[in-house]
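Q: As a plain string of letters, each chain reads:
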Amino acid sequence: MAGATIWKGSIHFGDTDVPVKLHTAVKEERIQFHFLHRRDQVRLRQQMICAYEKEPVPAEQQSKGFEVEDGKYVIVDPAELDQTAPESSRMIEVHEFVKTGQIDPIFLDRLYYLEPDMQDNQGKEYSALVKALKELDVAGICTWNMRKRSYFGALQAREKMLRLNTLRYADQVIAVGSLDLQDVPLSEKELKIGSELIEKMAAPFEPGKFGNEHQKKLQEMIEKKARGEKIAILVPRRLKPTESDQLLQVLEASLKKAA
Amino acid sequence: MAVQGIWSGTISFSLVAIPVRLVKAIEPGRISFRLLHSKDYSPLARRMFCPEEETMVPRDEIIRGYEIVPNQYVLMTDEELESVSPERSRTIEIVDFIDMKEVDPVYYDHPYYLVPSKGGEKAYRLLVEVMRRTNKAGLAKFVLAEREYLVAVTSRDGALALTTLHYSEEILADEDLSPKKGKTAAEEQNRMKKSIERMIENFDPGKYADKRRKKLTDLLATKAKEKAPVEAPVVEQEEGAGPADLVAALEESMRKVKPR
Amino acid sequence: MSRTFVEMAGRRLSLSNLEKDLYASYGFTKAHVLEYYRRIAPLILPHLKDRALTFKRYPEGVEKDFFFEKRCPSHRPAWVKTAEIPQDDGEQMTVCLVNDLETLIWAENLASVELHVPLARASSPETPDSMVFDLDPGDQAGIPECARVALILRDLLSRTGLASYVKTSGKKGLHVYVPLNRKETTFEDTKTFSKAVAGIMQKHYPDRVTARMAKKERDAKIFINWSQNDASKTMVCVYSLRAREKPIVSFPLEWRELENPAELGDPERLQVTHSEALNRAEEKGDLFREVLVKEQKLPHL
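Protein chains in written order, with numbering that gives the first Met the number 0: chain A, 0 to 258; chain F, 0 to 259; chain P, 0 to 300.
Just chain A, same shape as in the assembly (with noise of 0.2 Å):
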């Protein structure tokens, strides 16, 4: 069952008009702990302390701040950062259609999927969208304005399915070069070694394999220690790396253990 509809829109390009509603597309299990004060366990509760006064400073007392100097701040009032909040309208403009190849999925933030609004026609026009979109293999390049923000996105069909993902701004990725990799020549033999090995080790995704089982063992050994059993302290084992004159050696034995 999805989600329910967080927002209703309507995709929009040349002549073609498609009403639909957003849902989320992921939902998180997460065991939640709370930070205690050692002595007498008592929760604790995260506050916004005054450097100064060491005290704390309840929300109608706060303000504000960009930092434009050294300890000199410009102040911004909440009519203010509304004003640059973008108007709100329903529009999912589709602004171009890229290759669906061309999109580097290190630029895909959040998924949606859309649920075609029915006011249009019984969801024709949604349908021969996700047809014309799957027979030319493009995404649609959109932008739009939700909750007082401004997202750029991709919308792409799969299966019966519109979804949009919203993207990530091109100044937000950090490039490759950034990390200053150094170049290391490798030889023919590491190389096809390498790729023969990794050709083994090849097998279909299949997601439904993986499970959270942290989680599971994080729970029982909550539930342990609230029985008051003891539990035994392992430490993480480090890897010893793979030198740089072994690596042929250590890629051959990995090729002859996987066959």
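Warning: the hint list may mix true and false statements.
[What the hints assert, rightly or not] Using 25 Å as the maximum straight-line C-alpha spacing, the simulated DMTMM-like pairs for lysine to aspartate or glutamate come out as follows:
#1 P:Lys283 <-> P:Glu34
#2 F:Lys213 <-> P:Asp64
#3 A:Lys20 <-> A:Asp108
#4 A:Lys208 <-> F:Asp156
[As the list claims (entries may be wrong)] What follows is a list of derived Cβ distance ranges for each label pair:
#5 A:Ile30 <-> P:Ser13: 36 to 42 Å
#6 F:Ile30 <-> P:Ala162: 41 to 47 Å
#7 P:Glu6 <-> F:Ala185: 55 to 61 Å
[To be verified] Chain F side only, calculated, beta carbon under 8 Å to chain P, not exhaustive:
#8 Glu26
#9 Ala184
#10 Asp244
#11 Ser252
#12 Met253
#13 Lys257
These are calculated hints, taken from the structure and not from any lab test. In this text, a Cβ means the ideal position worked out from N, Cα and C, and glycines have one as well.
Dock chains F and P against chain A, hints included.
A: Coordinates of chains F and P only, in the frame set by chain A:
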């Protein structure tokens, strides 16, 4: 030394082990503000506060607890937490190599980069190169902080990128959202295809800027010109404050200083 | 906008608007600023290395608006080194590290006339490498008064066993640095120590020195700003230009220069211009080198 890391450990596939560090791949786009005390503009800091004793609590007095029954907690130290999945807290073990095309984008969570630690540069480069040649990605699980992630390790532009993925149990179904009817006329279908084809371009994300961020920057520039920025007051403490030994020693030294 | 491309250390850099006047009344263009920094690079780079740079940009010249940038501009070239500095709200901020000539030139191309850096290095932002005394003259005081206070300060410090080094701020004041260079030092230590020293100085020379920031206290006194000893504060880097009418440099002085009354008589004498800076540097080398290497421990804490 360039970028500091979020995590450090080893990435392995079969018998090959590569020491690496995990670093950011994405920078936040937002303009960050500082919260200030309205009355005198002193900067505020986030601290842990004990509501019973009404004091701030220093880091070494803070412990993590899981609520099993209302107001009853099971305490957990950092070592105990690392003991839950010890192998996976320090190692990203690639168990399968997959074709990323098989991964539905709905699975993608957050990207990072891996950079080699000292001694791992060659093995790192090998993995980058062979994944590029075979067009495959490594699938692994690892534990970061107290969470275990399913991750895809890919070769990107000469580096290893690590993307955390959602678990299949966390992906919501979408069957109930699909259109019920709707077979479109061929003519209608063609019109739409042509409409789309006319708008095909090359993907250039640089064309799109965060408009709100720009508006905010402009607002801040205008405000900075209109009015002088505010400054927090410097703490005025009582005179003579300072450790007794230090003050005494300074007084002693002062006596010997040449008059000028 | 005009563009010139240069190659440096195998890296391509695009320089813009080289003929733009940055010091209009003096006739100093961006090209001149770049040239100064290129020539002073061997001396300034060790003092900038691995420190979170705060840009102070004057795109329209020193007489117009400036803006301050702590976050490393996202449009930087891929080869600019960066570091992550944790902030109070738990987030990390990406800062630029000027570790080589190309990055210095890139920063200057952005008209960052002044370069400001923290007292700690980016890899250990809570460990100051030196303790600083920022001597700031009140409206009716000047460098001569400042020099006298600096000499007393240096004397006091040396009697507690600490060597100190002085540079001009490039404006009206002087900066006295006490190198520490030990990983155990904290800002808590340097703040406590410098505050106590400022207090003692004020106590013994009340008509010449104040340890209080309130502007009305100053007039003809020298304010010893001990509060600069903080992880969040920055100081103008030695050898940086200052945005004043003339291209004056924050330049290290020998203590004996302050001791000569003839020198002090002429306040202009201690204002080191860009050309003088280059000449002196060629002659004497880096007078501030000890600030980077000397290890000292704060006593009596």
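Q: Work down the list of hints and note, for each, if the structure agrees.
A: Verification of the hints:
{"no.": "1", "hint": "P:Lys283 <-> P:Glu34", "verdict": "20 Å, holds"}
{"no.": "2", "hint": "F:Lys213 <-> P:Asp64", "verdict": "19 Å, holds"}
{"no.": "3", "hint": "A:Lys20 <-> A:Asp108", "verdict": "19 Å, holds"}
{"no.": "4", "hint": "A:Lys208 <-> F:Asp156", "verdict": "30 Å, violated"}
{"no.": "5", "hint": "A:Ile30 <-> P:Ser13: 36 to 42 Å", "verdict": "51 Å, violated"}
{"no.": "6", "hint": "F:Ile30 <-> P:Ala162: 41 to 47 Å", "verdict": "43 Å, holds"}
{"no.": "7", "hint": "P:Glu6 <-> F:Ala185: 55 to 61 Å", "verdict": "59 Å, holds"}
{"no.": "8", "hint": "Glu26", "verdict": "6 Å, holds"}
{"no.": "9", "hint": "Ala184", "verdict": "48 Å, violated"}
{"no.": "10", "hint": "Asp244", "verdict": "5 Å, holds"}
{"no.": "11", "hint": "Ser252", "verdict": "4 Å, holds"}
{"no.": "12", "hint": "Met253", "verdict": "6 Å, holds"}
{"no.": "13", "hint": "Lys257", "verdict": "6 Å, holds"}
In the structure shown, a violation is registered for the earlier hints numbered 4, 5, 9, in ascending order.
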